[in-house]
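**Q** Spelled out, the chains give:
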Amino acid sequence: ARHHLALYRFLVRLVRNEAVAEELVNETFVEVWRSAARFKGRSAPSTWIFAIARNKAVSILRKRADEELDDHTSLAVEDESDNPEVTAMKGNKAKLIRQCLEKLSPQHREVIDLVYYHEKSINEIATITGLPPGTVKTRVFHARKQLTGLLKRAGIDRGWP
Amino acid sequence: MTEPTETELLLPWYVTGKLSDKDRARVDAWLKEHPDAAGRLDDIRLEMDETIAVNQDIRAPAPGGLDRLMTRLDSEFGPAPDIEKRNWWQKLAGSLSDAMQIPVMRHAAIAAALIIAIQAASIAALVHRPAGPANYETASGPADTAGESGSVLLVKFASQATAARISALLEETGGTIIKGPAGGGIYLIRFEKRKPAAEKKLIASLRAKKDIISFVAPNG
Numbered sequence: 332a333r334h335h336l337a338l339y340r341f342l343v344r345l346v347r348n349e350a351v352a353e354e355l356v357n358e359t360f361v362e363v364w365r366s367a368a369r370f371k372g373r374s375a376p377s378t379w380i381f382a383i384a385r386n387k388a389v390s391i392l393r394k395r396a397d398e399e400l401d402d403h404t405s406l407a408v409e410d411e412s413d414n415p416e417v418t419a420m421k422g423n424k425a426k427l428i429r430q431c432l433e434k435l436s437p438q439h440r441e442v443i444d445l446v447y448y449h450e451k452s453i454n455e456i457a458t459i460t461g462l463p464p465g466t467v468k469t470r471v472f473h474a475r476k477q478l479t480g481l482l483k484r485a486g487i488d489r490g491w492p
Numbered sequence: 341m342t343e344p345t346e347t348e349l350l351l352p353w354y355v356t357g358k359l360s361d362k363d364r365a366r367v368d369a370w371l372k373e374h375p376d377a378a379g380r381l382d383d384i385r386l387e388m389d390e391t392i393a394v395n396q397d398i399r400a401p402a403p404g405g406l407d408r409l410m411t412r413l414d415s416e417f418g419p420a421p422d423i424e425k426r427n428w429w430q431k432l433a434g435s436l437s438d439a440m441q442i443p444v445m446r447h448a449a450i451a452a453a454l455i456i457a458i459q460a461a462s463i464a465a466l467v468h469r470p471a472g473p474a475n476y477e478t479a480s481g482p483a484d485t486a487g488e489s490g491s492v493l494l495v496k497f498a499s500q501a502t503a504a505r506i507s508a509l510l511e512e513t514g515g516t517i518i519k520g521p522a523g524g525g526i527y528l529i530r531f532e533k534r535k536p537a538a539e540k541k542l543i544a545s546l547r548a549k550k551d552i553i554s555f556v557a558p559n560g
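Listed in order, the protein sequences are those of chains A and B. Quick note on numbering: the first sequence equals residues 332 to 492 in our numbering. Quick note on numbering: the second sequence equals residues 341 to 560 in our numbering.
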């Protein structure tokens, strides 16, 4: 159950819609069932499953990019009462970091989640995302750099990514 | 801001413990030369803590997901209309063309599907975890419990056993696959620790399910 909750959370963070994420979990397992014969064991099964899930999420996101944004598919709408600058004033650093994490671009959010929450290695992230390992490392660096920029705008200067 | 060195790029994985021994040693050496970098590791740990918190705030979906998935699998992979009736398991096995010629590959491929099916069955057990400053836990949760005690049995599943029946049996008996398949399609399955007499009873009851289990014995 733990692993499926992890997959569901991975997808929610990507597509920002719980109902869509739940459907994607089902789609993923149907695909896994269909493709089990092609699984050669070169990666851990969970890595393979995550890669399938990610591809399905990316298809949805690409389709969504062509659609007009609406209440269901738009990214988190700015809530002026809960933005990093306001939170910084309130002195809650942890909450501030969390808000800035939510503001990362989808590409950056994805790799940050894979490193820190899903505890994937560089090679596992490379398999899941289809990126070369070198690009995985630099993408995480740039994600952290974006996070630093967001924190700086809110008044916290870390000085480096 | 200067570009990071190769070693600096590794710092997030150093904190999560997901580096090779060689890369970890490289970072250790770099940290010794740059003692002022300790603050960076603290920042990374804080990023990690809050990333975990953000993810843990996402509640599990409502129950019923397994039913919907199984209904979907049923409709897509139900028995073929041809003369030779196949259940899911056989249809899956039948689709493994060249891989089936190699016993090890056959078992590996079936094992992958089995593990996936068993994991799919656990969707029904998804439990909402309350959000908030509870103990943080990454996606993998507490340390791997393979080392925990329990009654470990060697099990081989019958060739006609369906994934759904295997997972139902494991659910019913509280079994967890901890290793396998080894040669001959043998799995190591851990059950709740039992006294010898109760373990014998479990083995007997598993042996009686000849449509699911073809072989079962204590491990050692």
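The set of hints was computed from the structure by calculation and includes no laboratory data. Each hint should be verified, as a subset may be incorrect.
Non-contacting residues of chain B with respect to chain A, defined by C-beta distances greater than 10 angstroms in every case (computed) [what the hints assert, rightly or not]:
1. LYS358
2. LYS362
3. VAL367
4. LYS372
5. ASP383
6. GLU387
7. ARG412
8. LEU494
9. ALA498
10. ILE526
11. SER554
Residues from chain B shown here face chain A by an in silico Cβ test under 8 angstroms; the list is partial [stated by the list, open to error]:
12. PRO344
13. GLU390
14. ILE398
15. ALA400
16. ARG408
17. SER507
Yeah, the Cβ is synthetic: ideal placement off N, Cα and C, and Gly gets one too.
**Q** Each of the hints needs a verdict: does it hold here or not?
**A** Here's how the hints hold up against the structure:
1. Residue placement check: LYS358/B does not keep its beta carbon more than 10 angstroms from all beta carbons of chain A (closest about 4 angstroms).
2. At the 10 angstroms boundary, the C-beta of LYS362/B stays outside the reach of chain A, the nearest C-beta of that chain being 13 angstroms off.
3. The Cβ of VAL367/B lies farther than 10 angstroms from every Cβ of chain A, with a closest approach of about 13 angstroms, so its non-interface assignment holds.
4. Every CB of chain A lies more than 10 angstroms from the CB of LYS372/B, the least distance being 19 angstroms, so the non-interface label holds.
5. A beta-carbon of chain A is positioned within 10 angstroms of the beta-carbon of ASP383/B; the least distance is around 6 angstroms.
6. Here GLU387/B does not stay apart from chain A, with its beta-carbon only about 6 angstroms from theirs, under the 10 angstroms limit.
7. The non-interface label for ARG412/B is inconsistent with chain A: the shortest C-beta to C-beta separation is roughly 6 angstroms, within 10 angstroms.
8. No beta-carbon of chain A comes within 10 angstroms of the beta-carbon of LEU494/B; the shortest separation is about 21 angstroms.
9. The Cβ of ALA498/B sits about 19 angstroms from the closest Cβ of chain A, beyond the 10 angstroms cut-off, so the non-interface label holds.
10. With a least beta-carbon separation of about 17 angstroms from chain A, ILE526/B lies farther than 10 angstroms from that chain, consistent with its non-interface assignment.
11. For SER554/B, the shortest C-beta to C-beta distance to chain A comes to about 21 angstroms, beyond the 10 angstroms cut-off, and the non-interface label holds.
12. Among the interface hints, the one on PRO344/B holds; its C-beta lies about 6 angstroms from the nearest C-beta in chain A, closer than the 8 angstroms criterion.
13. At its closest, the beta carbon of GLU390/B sits 4 angstroms from a beta carbon of chain A; the interface hint therefore holds under the 8 angstroms criterion.
14. A least Cβ separation of about 5 angstroms between ILE398/B and chain A falls short of the 8 angstroms threshold, and the interface hint therefore holds.
15. Interface hint status for ALA400/B: upheld, as the beta-carbon distance to the closest one in chain A is roughly 5 angstroms, under 8 angstroms.
16. Checking ARG408/B against chain A by beta carbon gives a least distance of about 6 angstroms; that is within 8 angstroms, so the hint holds.
17. Below 8 angstroms, beta-carbon pairs count as interface contacts, and SER507/B has none with chain A, the closest being about 13 angstroms; its hint is therefore violated.
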